[in-house]
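Trainee: Sequence:
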Amino acid sequence: MNSQSKMSKEGIDCIEKYVSNLAIGIQASSDEIKDFKNEMKANLLSSVGDLLSQGYEEINAVELAIKQFGEVDSIKTEIKEVYKTKYLYAKKLLNITIIVGVLGILLSFGGVIWKNYSVDRPINDIYSIIEKNMGNDSNPITDNMKNNLKDKVDKSFAIDYVTLQIFDKNDKYINTDRNLKYDYNYAPRMTIDESGNGRPKTLSRFVAYAQNSKQIEIKGSNKGIIVITETRDISFIIFQIVPILLLIYWVLFAIWASINSVNNKRSIIWIFVFILLNVVGYLIYYLVGRSLINKSRNKI
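Heads up: the sequence shown is residues 41 to 340, going by the numbering used here.
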């Protein structure tokens, strides 16, 4: 301020024009450009003040101070590179954040669709085949049922086997002995050991194996069929990955928004808002910022 009080209006205008030329073309927010101008102006005024105290005339002091800073084009190039680097970093971080977020959302929907079409639907198709091709009391498991079940299992990725066991509803307990011979058993992807236990021929840590069962009534009799299937499902690994991706997205977005807030000299409270509310927090931040800008313009 002391340096500025020693100078004429023409000298100050010359410095402000020089600083304004430096700021042209910089990719930054209005607040960042304003801070940059104020800092450059303060540095130049300080330099001019030193030269004036050494006995230079104002016009010479202003020219020399500007010359010491360098040519406008040269300085503008350096400044633009600095702001461009910062801008590109923020943009790259935002792009990565969006990609991770979109990938997490797509995988979550993909997992649901996969489970529905590749696991749940084939099991329901098995039950439907049995109900539609059910025989009579004396021969409920027909050849047509067996052929359709075999065809369904062969074409399905998710179903490893299907077994059928006829039971009497009047029996209090259903025989579940491992050595029991099922009335129908088709297990092309299973290996049976000496104890009668079955296991998939190919095991994978990325696949969840689950046994499903349902009792289907044999119409016109006191009997029913227990349908047992084993399914392989990869959606569980998808649902384990999705929370990790969404957490990464949440953190990256909070970092990007915080960098944006710090660059615009906003309160540190906004960082906590971004961490807690994420996109909603940034929307509030943006609306508050627009409101402040409009108020500032109205004052002018």
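Think of the hints as simulated: they come from the structure by calculation, not from any bench. Treat the numbers as computed from the prediction; the structure is a model and nothing was measured. Careful: at least some of the hints might be erroneous.
In silico DSS-like links for lysine-lysine, alpha-carbon gap of 27 Å or less [what the hints assert, rightly or not]: (1) K74 with K107; (2) K131 with K74; (3) K190 with K77; (4) K49 with K131; (5) K305 with K77; (6) K81 with K305; (7) K254 with K192.
Trainee: Looking at the structure, which of the earlier hints fail to hold?
Mentor: 3, 4
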